[in-house]
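Once you have looked at the hints, place chain Z on chain V.
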Amino acid sequence: VKYLLLIYGNPANWEHPLYLRDPGFLGLPPEEQAAVTRRAEELHAEVGEAGEFVVGAALASPSSARTFRGRDGVPVSTDGPYPETKEQLAGYVVVDCETPERAYEIAARMPDARFTAVEVRPIMDAAGEEM
Amino acid sequence: VIDRELGDLLRRLAPQVLAAVLRHHGDQGFADAEDAVQEALLAATAQWPAEGRPERPAAWLITVASRRMVDRFRSEVASRRREHEAAALVPPDEHLAPAADAGVDPRPGSGSGSGREDTLELLLLCCRPELSPASRIALTLRAVGGLTTAEVARAFLVPEATMAQRISRAKARLRQCGARFPAVDDAERTARLPDVLHVLYLVFTEGHTASGGPDLLRADLAGEAVRLARAVHAERPDDGEVTGLLALLLLTDARRGARTGPDGALVPLAEQDRSSWDRAAIDEGRALLAGALARHRLGPYQLQAAIAAVHADAERAEDTDWPQIAALYRLLADLDPGPTVALARAVAVGMADGPQAGLVLLAELDEQLAEHHRLHAVRGHLLALSGDGAAAGTAFATAARLTTSLPEQRYLRARAREHDT
Numbered sequence: 001v002k003y004l005l006l007i008y009g010n011p012a013n014w015e016h017p018l019y020l021r022d023p024g025f026l027g028l029p030p031e032e033q034a035a036v037t038r039r040a041e042e043l044h045a046e047v048g049e050a051g052e053f054v055v056g057a058a059l060a061s062p063s064s065a066r067t068f069r070g071r072d073g074v075p076v077s078t079d080g081p082y083p084e085t086k087e088q089l090a091g092y093v094v095v096d097c098e099t100p101e102r103a104y105e106i107a108a109r110m111p112d113a114r115f116t117a118v119e120v121r122p123i124m125d126a127a128g129e130e131m
Numbered sequence: 001v002i003d004r005e006l007g008d009l010l011r012r013l014a015p016q017v018l019a020a021v022l023r024h025h026g027d028q029g030f031a032d033a034e035d036a037v038q039e040a041l042l043a044a045t046a047q048w049p050a051e052g053r054p055e056r057p058a059a060w061l062i063t064v065a066s067r068r069m070v071d072r073f074r075s076e077v078a079s080r081r082r083e084h085e086a087a088a089l090v091p092p093d094e095h096l097a098p099a100a101d102a103g104v105d106p107r108p109g110s111g112s113g114s115g116r117e118d119t120l121e122l123l124l125l126c127c128r129p130e131l132s133p134a135s136r137i138a139l140t141l142r143a144v145g146g147l148t149t150a151e152v153a154r155a156f157l158v159p160e161a162t163m164a165q166r167i168s169r170a171k172a173r174l175r176q177c178g179a180r181f182p183a184v185d186d187a188e189r190t191a192r193l194p195d196v197l198h199v200l201y202l203v204f205t206e207g208h209t210a211s212g213g214p215d216l217l218r219a220d221l222a223g224e225a226v227r228l229a230r231a232v233h234a235e236r237p238d239d240g241e242v243t244g245l246l247a248l249l250l251l252t253d254a255r256r257g258a259r260t261g262p263d264g265a266l267v268p269l270a271e272q273d274r275s276s277w278d279r280a281a282i283d284e285g286r287a288l289l290a291g292a293l294a295r296h297r298l299g300p301y302q303l304q305a306a307i308a309a310v311h312a313d314a315e316r317a318e319d320t321d322w323p324q325i326a327a328l329y330r331l332l333a334d335l336d337p338g339p340t341v342a343l344a345r346a347v348a349v350g351m352a353d354g355p356q357a358g359l360v361l362l363a364e365l366d367e368q369l370a371e372h373h374r375l376h377a378v379r380g381h382l383l384a385l386s387g388d389g390a391a392a393g394t395a396f397a398t399a400a401r402l403t404t405s406l407p408e409q410r411y412l413r414a415r416a417r418e419h420d421t
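Line by line, the protein sequences give chains V and Z.
With the first letter of the first sequence counted as 1, position 15 gets the number 15 in the numbering used here; the numbers rise by one all the way through.
With the first letter of the second sequence counted as 1, position 246 gets the number 246 in the numbering used here; the numbers rise by one all the way through.
Bear in mind the hints are in silico, worked out from the structure with no lab data behind them.
Remember, it's a predicted structure, so these values are computed and weren't measured experimentally.
Hints may be right or wrong, so weigh each one.
Label-pair restraints from in silico Cβ distances [as the list claims (entries may be wrong)]: (1) E41(V) with D283(Z): 55 to 65 angstroms; (2) A317(Z) with V74(V): 45 to 55 angstroms; (3) A31(Z) with A108(V): 32 to 42 angstroms; (4) S77(V) with D8(Z): 49 to 59 angstroms; (5) L6(V) with E318(Z): 42 to 52 angstroms; (6) Q176(Z) with R38(V): 22 to 32 angstroms; (7) R4(Z) with E98(V): 25 to 35 angstroms.
Don't be surprised by glycine CBs; every beta carbon is placed ideally from N, CA and C.
This is chain V alone, in the form it adopts within the complex (with noise of 0.2 angstroms):
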């Protein structure tokens, strides 16, 4: 089954990869911080080895962002992300796992689970199976 994480960053300082210019992370001890980069790369290196990468991105920042929204029938754009909140979404992956708890551990090994948040949505299939 195909998961998509979403990976939320705050959007203060909008710079790949978010979390190395989050508050929490720089209030770290350097050793720690490195740490934490290095299980990071551990982890993308895993999920290439593993064959369960199928595609991620790193989003611009929301400011370049338009959105379209229906008004009264009619889709009218602003400027700017939908909705304005504290955390935005900078960036997604979808991983091929065997488990919902293969796709769950990864998003939680994500430095940005610790820092902002990851969120995991199963993909639907277009098999289904005879009822």
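Then chain Z, alone, in the frame of chain V:
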């Protein structure tokens, strides 16, 4: 575009070619041998249509693959150049097996006089328990099925790089665990046979559940699983479970054309147009099953095939012999206990003895399967039969929320709406 018949021939020859290469260059490792066979298959795809098909296609492929192995060997250990030059003086054919390989008859099963079980041997290697299920499937389709990495990737809707990674990881794992070809002894082969059958079953299911249309490559996996099950059956005709699996796949695949509507919607078993079931596949499956049941100890695949055969026997859904199916599920639950079987049994018991009896069985699964859509779908079905439409509607709505399949969700929402008052 490769012509279909050539593709079929090459895929059929792939296991015996790989087996022959492994026998003679196995010390160079499975990974290289498998790559060399893929290269030989590609070379055949490129050359045969233009230059004509060789008289002995298997021997041609073995020669080309062996040459690649020799080339590789040469370039990899350049430091021992002198010994290599000696090896290179030997014409490629000398690296081959004697007559047994050169004279291979490409028809499946026809080489059985030699007593060899090339397909089964390779499947045992690809289905080792040390590999993850996804790796076993990927490696099986490439090394034994003769599919390219790109084809396997398309069937599983992932990028080629992702699939290539799964395959190379599987090969690395085989190296780590010291997997050998052929497998050590007959006892181990027999002991690990269920692992092979399970992988073939998984490949089949992946294809069978595909909705057709844009999923066409994925649907081909069902045919690929049937083909591999046939090859194993040709090598092990006297194994009851091998026969049982082939019968099950044939009997299930027979419903393929009836299980989805023209718009890709799921058609439940009870509403399928039974006249469009593939009668030839049913007859073949039924004959295989009868032979297995008469001669061998009962096993889970034979039982599942027997259940599929009872469905196939009913001309109309209402003619289904549910008491018989419930009895078979009871045996299956003893041999192969698990939530999937328990759910299917609850349906059968509900149909045979009334919905209340099924609901009682279902209650035992509540805790274990609370988050599983199928529990709620079955409950909805049984509640609807019992006349409790409101509760059925709620159960179908819960099932629709939990499934991650689009056609299942569409079907379950429709059932929920039927009972919405």
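Okay, E41(V) versus D283(Z) on CB: inside 55 to 65 angstroms?
Given range 55 to 65 angstroms: holds, Cβ gap about 58 angstroms.
Taking the beta carbons of A31(Z) and A108(V), is their distance inside 32 to 42 angstroms?
holds (33 angstroms)
Measuring from beta carbon to beta carbon, are L6(V) and E318(Z) in 42 to 52 angstroms?
Since L6(V) and E318(Z) have Cβ atoms about 48 angstroms apart, the given range 42 to 52 angstroms holds.
Okay, A317(Z) versus V74(V) on CB: inside 45 to 55 angstroms?
holds (50 angstroms)
Between the beta carbons of Q176(Z) and R38(V), is the distance compatible with 22 to 32 angstroms?
holds (24 angstroms)
Can you tell me whether the CB distance of S77(V) to D8(Z) sits inside 49 to 59 angstroms?
Distance hint for S77(V), D8(Z) holds at roughly 54 angstroms.
Taking 25 to 35 angstroms as the stated bounds, is the beta-carbon spacing between R4(Z) and E98(V) within them?
holds (33 angstroms)
Of the numbered hints given earlier, the model fails none.
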